[in-house]
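Chains as they are written, first to last, in this note's numbering: chain A, 64 to 610; chain B, 64 to 610.
Take these hints with a grain of salt, some might be off.
Any copy will do: because identical chains look the same in the list, a pair fits if it lies in one copy or spans two.
Stated by the list, open to error - Each computed DSSO-like pair below joins lysine-lysine, with the alpha-carbon atoms no more than 30 Å apart:
| hint | residue 1 | residue 2 |
| --- | --- | --- |
| 1 | K521 | K377 |
| 2 | K609 | K351 |
| 3 | K226 | K195 |
| 4 | K357 | K572 |
| 5 | K240 | K554 |
| 6 | K567 | K130 |
| 7 | K170 | K356 |
Hint data in this document are derived by calculation from the structure and do not stem from the laboratory.
Keep in mind it's a predicted model, so treat the numbers as computed, not measured.
This is what each chain is made of:
2 protein chains.
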Amino acid sequence: MKIALCQLNFKIADFEGNSSKIISAINEAKLKDADLAVFSELAICGYPPLDMLENKDFIDRCIESIKKIAEHCVDIAAIIGIPIINENEFGKKLYNSAVFIEKGKIKSFHNKTLLPSYDVFDEYRYFEPNNKWQIIDYKNEKIALTICEDLWFEQPVENSYTKQKLYTVSPIYELSKFSPSLIINIASSPFSITHSESRKNVLCQNAKQYNLPLVYVNQVGANTELVFDGGSMFINSTGNVFNELKYFEEDFKVIETSSSEKNISEKELSNNEKIYKALILGTSDYFKKTGFKKAVLGLSGGIDSALVLVLAAKALGYQNVHALLMPSRYSSQHSVTDALMLVSKLNVSYDLVSIEPAFSSFESSLIPVFNGKQPDITEENIQARVRGTLLMAYSNKFGNILLNTSNKSEAAVGYGTLYGDMAGGLSVIGDLYKTQVYELSNYINSHGEIIPRNIIIKEPSAELRPNQKDSDSLPDYNILDKILYYYIEQKTPLNEIVEMGFEKQIVEKVIKLVNSNEYKRFQTPPVLRVSSKSFGFGRRMPLVAKY
Amino acid sequence: MKIALCQLNFKIADFEGNSSKIISAINEAKLKDADLAVFSELAICGYPPLDMLENKDFIDRCIESIKKIAEHCVDIAAIIGIPIINENEFGKKLYNSAVFIEKGKIKSFHNKTLLPSYDVFDEYRYFEPNNKWQIIDYKNEKIALTICEDLWFEQPVENSYTKQKLYTVSPIYELSKFSPSLIINIASSPFSITHSESRKNVLCQNAKQYNLPLVYVNQVGANTELVFDGGSMFINSTGNVFNELKYFEEDFKVIETSSSEKNISEKELSNNEKIYKALILGTSDYFKKTGFKKAVLGLSGGIDSALVLVLAAKALGYQNVHALLMPSRYSSQHSVTDALMLVSKLNVSYDLVSIEPAFSSFESSLIPVFNGKQPDITEENIQARVRGTLLMAYSNKFGNILLNTSNKSEAAVGYGTLYGDMAGGLSVIGDLYKTQVYELSNYINSHGEIIPRNIIIKEPSAELRPNQKDSDSLPDYNILDKILYYYIEQKTPLNEIVEMGFEKQIVEKVIKLVNSNEYKRFQTPPVLRVSSKSFGFGRRMPLVAKY
Numbered sequence: 064m065k066i067a068l069c070q071l072n073f074k075i076a077d078f079e080g081n082s083s084k085i086i087s088a089i090n091e092a093k094l095k096d097a098d099l100a101v102f103s104e105l106a107i108c109g110y111p112p113l114d115m116l117e118n119k120d121f122i123d124r125c126i127e128s129i130k131k132i133a134e135h136c137v138d139i140a141a142i143i144g145i146p147i148i149n150e151n152e153f154g155k156k157l158y159n160s161a162v163f164i165e166k167g168k169i170k171s172f173h174n175k176t177l178l179p180s181y182d183v184f185d186e187y188r189y190f191e192p193n194n195k196w197q198i199i200d201y202k203n204e205k206i207a208l209t210i211c212e213d214l215w216f217e218q219p220v221e222n223s224y225t226k227q228k229l230y231t232v233s234p235i236y237e238l239s240k241f242s243p244s245l246i247i248n249i250a251s252s253p254f255s256i257t258h259s260e261s262r263k264n265v266l267c268q269n270a271k272q273y274n275l276p277l278v279y280v281n282q283v284g285a286n287t288e289l290v291f292d293g294g295s296m297f298i299n300s301t302g303n304v305f306n307e308l309k310y311f312e313e314d315f316k317v318i319e320t321s322s323s324e325k326n327i328s329e330k331e332l333s334n335n336e337k338i339y340k341a342l343i344l345g346t347s348d349y350f351k352k353t354g355f356k357k358a359v360l361g362l363s364g365g366i367d368s369a370l371v372l373v374l375a376a377k378a379l380g381y382q383n384v385h386a387l388l389m390p391s392r393y394s395s396q397h398s399v400t401d402a403l404m405l406v407s408k409l410n411v412s413y414d415l416v417s418i419e420p421a422f423s424s425f426e427s428s429l430i431p432v433f434n435g436k437q438p439d440i441t442e443e444n445i446q447a448r449v450r451g452t453l454l455m456a457y458s459n460k461f462g463n464i465l466l467n468t469s470n471k472s473e474a475a476v477g478y479g480t481l482y483g484d485m486a487g488g489l490s491v492i493g494d495l496y497k498t499q500v501y502e503l504s505n506y507i508n509s510h511g512e513i514i515p516r517n518i519i520i521k522e523p524s525a526e527l528r529p530n531q532k533d534s535d536s537l538p539d540y541n542i543l544d545k546i547l548y549y550y551i552e553q554k555t556p557l558n559e560i561v562e563m564g565f566e567k568q569i570v571e572k573v574i575k576l577v578n579s580n581e582y583k584r585f586q587t588p589p590v591l592r593v594s595s596k597s598f599g600f601g602r603r604m605p606l607v608a609k610y
Numbered sequence: 064m065k066i067a068l069c070q071l072n073f074k075i076a077d078f079e080g081n082s083s084k085i086i087s088a089i090n091e092a093k094l095k096d097a098d099l100a101v102f103s104e105l106a107i108c109g110y111p112p113l114d115m116l117e118n119k120d121f122i123d124r125c126i127e128s129i130k131k132i133a134e135h136c137v138d139i140a141a142i143i144g145i146p147i148i149n150e151n152e153f154g155k156k157l158y159n160s161a162v163f164i165e166k167g168k169i170k171s172f173h174n175k176t177l178l179p180s181y182d183v184f185d186e187y188r189y190f191e192p193n194n195k196w197q198i199i200d201y202k203n204e205k206i207a208l209t210i211c212e213d214l215w216f217e218q219p220v221e222n223s224y225t226k227q228k229l230y231t232v233s234p235i236y237e238l239s240k241f242s243p244s245l246i247i248n249i250a251s252s253p254f255s256i257t258h259s260e261s262r263k264n265v266l267c268q269n270a271k272q273y274n275l276p277l278v279y280v281n282q283v284g285a286n287t288e289l290v291f292d293g294g295s296m297f298i299n300s301t302g303n304v305f306n307e308l309k310y311f312e313e314d315f316k317v318i319e320t321s322s323s324e325k326n327i328s329e330k331e332l333s334n335n336e337k338i339y340k341a342l343i344l345g346t347s348d349y350f351k352k353t354g355f356k357k358a359v360l361g362l363s364g365g366i367d368s369a370l371v372l373v374l375a376a377k378a379l380g381y382q383n384v385h386a387l388l389m390p391s392r393y394s395s396q397h398s399v400t401d402a403l404m405l406v407s408k409l410n411v412s413y414d415l416v417s418i419e420p421a422f423s424s425f426e427s428s429l430i431p432v433f434n435g436k437q438p439d440i441t442e443e444n445i446q447a448r449v450r451g452t453l454l455m456a457y458s459n460k461f462g463n464i465l466l467n468t469s470n471k472s473e474a475a476v477g478y479g480t481l482y483g484d485m486a487g488g489l490s491v492i493g494d495l496y497k498t499q500v501y502e503l504s505n506y507i508n509s510h511g512e513i514i515p516r517n518i519i520i521k522e523p524s525a526e527l528r529p530n531q532k533d534s535d536s537l538p539d540y541n542i543l544d545k546i547l548y549y550y551i552e553q554k555t556p557l558n559e560i561v562e563m564g565f566e567k568q569i570v571e572k573v574i575k576l577v578n579s580n581e582y583k584r585f586q587t588p589p590v591l592r593v594s595s596k597s598f599g600f601g602r603r604m605p606l607v608a609k610y
């Protein structure tokens, strides 16, 4: 059978837009003599729709859309992800479903059984799990249709402290009892640096175990913090990838299930390439899908804002990015010259605005209030907030969205000012530890210097008091980032991190900083997620607790 | 049987503190000859522990604590809520459980079956549902032990667009097959203005339906946005409340299950009393549990900040609250005099700092950047951010937590400045619509004027440009708040709101404002929840979508 894998970028709740993409792909599939066109999970409305699913008119529009699309399915069948109403007397009101459409009619619904409800996933909030099993009989194929997590009965257990399996039922095992000839899995599986590899392993393992070819269609494109990386594929019954679609962009391919020809054009991306592409896609989709074109950011002369500027210029076009250089009395000369070198290299516009006048005004106004109290971190924060206010003023006046330039190490230990450098509409590198910021910058420079070398080699500093260095208050980033990784991503307890060879005092200090700064991270912009545990929606810690 | 209802205020992860409270209550129960002491859901660690449950050492400490507590249960039994590890091969790694302790030993575990995963609840994220049924046999009673939602097989369906029942199994029906003589339900059921009534109805309904007396023990106290209101009770087998514990404070009572004496001392609280007590408890617990004592807030002379000041002075003590008065060139004279009248009435300290110098500095610094562009909302936002910066400077210098003074109407339509008046550590009245702000203020004044009458009667204004009034850009609050209520709490579609008699153009405008301001609410402080749908954790809308 000839199957069209339709890997598309959907916008949440854009029913006209999503439907018209789906119909175009169906028409293209027909032109290429495909028997079946396959689309990703919840393709009709985009993934994740979150609490929009609780609105009746949202579900009504999903149904309207699928009916219109069905009319186009003549001489071709289609499989499309859609939320549908649970008509039973008991259970949650929706299913996360896939419709099988043939001869212009909806022939059957196939509901998702395993509903991920961990990290960034909340599917059990909305959906009732399936417990009925049926096969699609179509043109001599017997298709076992599954949705994303349904093939993840075997979960990687790396971060878990117990060994049991997460789920109590294996949908593909249940479907295998009907002797299917083909597995189809439609997914909306977001990218993370560890996930793209384990995903391929799980899919190949399923194909091999059940001795069946497997068609996998994933969503591509970013929706706020989640970046969907595509990478749809066709795997043969021995568990080998025979065909693979592009990563981080829309793609369309027709495969022949009986083919024994390996046809992989895509080369494996390095981790830095993946992160680079994910952040570019995440940034550009945030703008495209919100209808904004232009960005502004504060360029300090340090590595973080330099990297964000490069990514933004790539994602949005250099002419759509504006930099504000906002030196203070504590800024070193090279901060400004390094920043100027970068804007000139990227050809982006900039303004240079000293924060001195506003900072001095605040200092004077506060003299009677502070009543002789010595300068401390307060004055550092005022400088950061003056910058935040200038950036937001630019944003308000010209309609540029402020890009946040904080990294994950800073966010983790609270080394940043709420409403100051922690402000912005989108955090571009907030899921990269400082050491990863350097790695990605070096990767970007590997084909010719873009980020001036001096920005990369100089010692990190917030420049909020004389001769300040990050290392005055934080451990070396090589050590800090490892401790953070074990504590945040791996959830390793304090004593076990110490046993790995880190100094106890440092580990205690770092963990205390992470815990005591939950309140700051609560109010930060959405962070483009590239790790298995980013700050934001997938990490839900109490603000008030004994840590 | 004599049962001690132990209604306590727990801090999340405070194992020593929580255990010592539990042990004290057990000892008091023994002194009063109780046979059994009953504690609330997840009493060991406090509710909701959120992702702390994913840390192995967190669970280890729960187990350690319960073992120590068990040693104190001689000559008395106890029922205590605790997360335990699921020892089965399949399913999520934890149960939300209740232990029955007798003769110093843990006798049995009773796991929760119905795991709420809607609004502010994420229990399916952590817990495997129970599917085994057992009864506690103790001193001639056969106890059907259930945990919170387990008695909510019948859900109020007010906000749902389908009529089916949310769950597929009724734990109390299953347990009723064992012919129990008593139902015990331990809960951590947060307050909302609609919930306290429906909770009592559901519990009485269960007692009546199964013709069994019912002991209900709820958590009390606030954990960040959630306020638990207590109100534990004993209901007889005909479904009448025979004994009720206090609302919004810790309480302890020993009841006799065979007693036929009605003994309700608590009078029914009015809605405004409930909201008042909830916000006081929410504020004071936020400070107590984070270890802070002092608050600061911006006092504009308007009703919102006036109300927050009154609540804060009550919750924290007038000597722990500081007000900043920050007039601008657009402030009316009465703004300052009204504010001064209030601080003097409440005896709280204050500073008066003009925002004019810093605002002018920003204006001057931005002249070359703005390049002749006319004043617009940008300049209004700068003023709000100057105030935010002054407040945060005070907070940083003196360690006072900034209280946010935004109301729900403003937050809903985005009538506020991110990093300006939307800043703060805690939003005290962020779940009150403007009309509710007035109602609560009038309630506070009903026993003698506290909030100056002029603050209540004057027309609302942000005072960010000459002669500005809220009504310049927003519909009348009486209309706005109703539309918001239907759209946010009731999820009523646009056309149905119009059919209720509201002007179509206004409804469209309001809904558009709500939708286009999700990004602002994403970055606001935690909001004390008093409604069935507050902004924050229980409302998860996509930031990027076609609205």
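Hint check:
| no. | hint | in the structure |
| --- | --- | --- |
| 1 | K521 to K377 | within (24 Å within a copy, 52 Å between copies) |
| 2 | K609 to K351 | between (42 Å within a copy, 11 Å between copies) |
| 3 | K226 to K195 | both (28 Å within a copy, 22 Å between copies) |
| 4 | K357 to K572 | between (40 Å within a copy, 26 Å between copies) |
| 5 | K240 to K554 | neither (39 Å within a copy, 42 Å between copies) |
| 6 | K567 to K130 | between (62 Å within a copy, 29 Å between copies) |
| 7 | K170 to K356 | neither (42 Å within a copy, 64 Å between copies) |
Against the hints set out earlier in the document, violations occur for numbers 5 and 7.
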